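Novice: As a plain string of letters, each chain reads:
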Amino acid sequence: MIQPPAITIPQTIRVAQPTEQRLANGVRLLALTNPGQNVVRLSFVFEAGTTTQHKPFVASSAQNLLSEGSSRHSAIEIAEALDYYGSYFEVSLDRDYSVITFCCLTRFFEESIGTFEEILLDPLYAPDEISIYASKRKQSLEIERRKTATKARERFAHALFGDGHPYGVSYHENLYDDLTHNDLKEFYRRRYTAENCFVVCSLDDDPKRLARIARFAEQIPSTGCYSPVEIPAPTPSLYDFEQVDQAVQSSIRVGKLLFGRQHPDFVGMQVVTYILGGYFGSRLIENLRERNGFTYSVFASMINMRHAGYMAIATDVGCEFSERAVEEIRAEVGRLSKELVSAEELETVRRIMFGEFMRILDGPMGLVDVTIEATQNGTDNHYIARSLDEIRTITPTRIRDLAERYLNPETLTTIIVGNLK
Amino acid sequence: MLPLWLLIQRTAIMITYESHTLSNGLRVVANRDSDSAMAAVNLLYAVGARNESSDCTGFAHLFEHLMFRGTSNVPDFDAPLQLACGENNAFTNNDYTDYYITLPKDNIETALWLESDRMRGLAISDEVLETEKRVVLEEYNQRYLNQPYGDMWKLLRGMCYTTHPYRWPTIGLTPDHIRDASMATVRRFYDRYYSPENCILSVGSGHDPEHIFALAEKWFGHIPATGFTRDMIPAEPTQTSARRLEVVRDVPATAIMIAFPMGDRLSRSYYLCDMLTDVLAGGTSARLYQRLVKGRRLMGATNAYITGDVDPGLLVVTANLLPETSVAEAEQALWEELRELANSAPSDYELTKIKNKFEAEMTYGEMNIMNKAMNLGYYSMLGDLPLINREAELFRSITREEIAAAAADIFRPERSSTLIYAKQ
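Protein sequences appear in the order of chains A and C. In case it helps, the working numbering puts the first sequence at residues 1 to 421. In case it helps, the working numbering puts the second sequence at residues 1001 to 1424.
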């Protein structure tokens, strides 16, 4: 038999630190430079997530409509100016943050940066564009909500955080019709400010380009005051269910409200969740997929939010397997606090997590994402090394203790959306 | 704005590679990327749904699943790879099956060992086959049956192709074919298609290509050639009359798909059709979105794309209708756009925009070593590896007149297949 090749376990991962400057308006500009890089990426992070909106869909609409017309150019002119140089603008939104990202080829930086400025600093929010956007989004959300997975995700957030909680609430798509110019303008004025913002960029090492980006970011208006978002205490419930007659699969979500990344047990719980369902070969995959064939996929992870965090298990199973799948999930969760994980299994998980970090950090774009996340969490890129140390040294006893403390199966929230008849 | 000629100048994006064929027929391609701490290892087997028979569809994909269920030497494919900090996955399409791994570059031999082992020694028990069938049936449910619009592609393929195996989707025509798959078929399929002659190993890493070739010889050199010959795939006859299918489903919005046959992957038609769809739907400034979604407000979403198959594929135009829009109105609006492309050539400006966009997308894609390794495998399968660096030039050589002529040739009503997926 052929001998398997020897394996080298990387002992450290090189993580570049950004250079940082504080601009005249108070904005932190973090730059990751790489000589010869032929792409420039610029990400503006604002505390302008859905928890900061006073009316449904305002936060997402305010960011999506940034590029739909300025005081100088129409929406189509801006679209042309981006597409012509192969540059792009994309947005992402969660409950806490709005991230506005611009990308262009380094050789078209000069041609693109003016358009980027216009998009971020001078949105018009014309009523006509708002109504086109609203009908488009209403349709896509309605389609999205036909999926059992979407229904389950929304019900899960609602059950974890409780009625009306800003981390758990979702709205009927018809409310898109109520959006007005003033809603968006007002939200933009209040949230897209220097006090709520930091910037991460990745580019080549030409100082002129970085200086140009600084001049851009310096124009973000300062209001002189920072108003933190108040998040009320959650009121979790344990079970929710929706019958969908035509479903062939049930979407199942199981989880538990815990804590965010700032908590000293977060990384430990990440390891616990990895063992449970963080990789192909995890206990949940072995049980639900490989042994029972209930599902195509099942996954567990720790989710970090600014003022909360939770453990989530997600799977779609054949409707006829729904109850058995939930039983097996609860049994696997329970096993974590009863048995010590074997040295072999723990070592596998350590190396997978290590490889995962290496993959994320391989290439300039992943490094931007890591830097954004670290900055949001009030830390810096050294947190990777600290996390890796903890992953390297965590013991089976601590893993069992964490599971015992935080993952009592009786306290899990369970959501099923599917056909149980 | 810069003058046009400045933008169209030749740029320096080239994927460097070296290639080598082992004596057993395995093709090896290596790309050196010294910036990366990782290695990307890609194995492409030139077998997909197009190689299936019509009574055993979905099998290539089912087989891809079985490739992870262990050999006589290595009972669990994933475990040793995970111990080497590696990650892997695979996909099957109509033309090929692709297995890909990323891991720290020092551990590259673990990937080569595991891949060479499963090229020869797959050991599947009846029990594993039965479980894997259930997993694939759940995948069928998850991706197709449990999604709104999940069966649109299946319906469209069935209409566009009468003869060529592209008429069924990769997942298969019916769950019954998966349920009925036998161990004898598994064995036959493996012996026939999983041979070194039908495979391409492509690697992106910081290693010297010569070192990669030596490692390929070490791990794959002993595997015997099987005398593999390619399947003869029946060609699709030329379509001569318009086809149409209307179905009613419980969906929130009526959707339309119009498909047209186009040339194969190596034909000039491929590049022309790619550009046609870019004029129609490449970015938010493109025609369909600006005119039909924003200008006339007929649709909530539109798109146009090519399937990119190796054999002659499809150019597809799609639309989701807003509640006020009738099917007739939407169809007419789409056809007006298609006819306009045939009647008057796109402007130089539009063409330059598309060419710039192509270059930018290529550069963005270049930043990932897995992308590069996959692309090298794909172009090698096409039988024209240097094409990977010639395509930018090919796009630049296309003229406005050529695009209009292609539009007139492609967008013929008698070659169209229209699927109306109406809401109740």
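What the hints contain is simulated information worked out from the structure, not anything from laboratory work. Hints are supplied without guarantee of correctness; some may be wrong.
If you want the ones that stay clear, here's a sample from chain C, every Cβ over 12 angstroms from chain A, calculated [to be verified]:
hint, residue
1, 1130
2, 1133
3, 1145
4, 1282
5, 1412
Here are the simulated lysine-lysine pairs, BS3-like style, with alpha carbons at most 27 angstroms apart [unchecked claim]:
hint, chain 1, residue 1, chain 2, residue 2
6, A, 151, A, 338
7, C, 1423, A, 151
8, C, 1294, A, 55
9, C, 1294, C, 1218
10, A, 421, C, 1355
11, A, 185, C, 1133
Nothing here was measured: the structure is a model prediction, and the numbers come from that model. The beta-carbon is built from N, C-alpha and C at its ideal position, and this holds for glycine as well.
Novice: Against this structure, judge whether each hint is valid.
Specialist: Against the structure, the hints:
1. 1130: violated, 8 angstroms
2. 1133: violated, 8 angstroms
3. 1145: Not fine: 5 angstroms to the nearest Cβ puts residue 1145(C) too close to chain A.
4. 1282: violated, 7 angstroms
5. 1412: holds, 29 angstroms
6. 151(A) / 338(A): violated, 33 angstroms
7. 1423(C) / 151(A): Answer holds: residue 1423(C) to residue 151(A) is near 20 angstroms, not above 27 angstroms.
8. 1294(C) / 55(A): Satisfied, since the Cα-Cα distance of roughly 25 angstroms is no more than 27 angstroms.
9. 1294(C) / 1218(C): This hinted pair is violated, its Cα atoms lying about 59 angstroms apart.
10. 421(A) / 1355(C): violated, 55 angstroms
11. 185(A) / 1133(C): Cα-Cα ~54 angstroms, so violated.
Hint violations for this structure: numbers 1, 2, 3, 4, 6, 9, 10, 11, all remaining hints satisfied.
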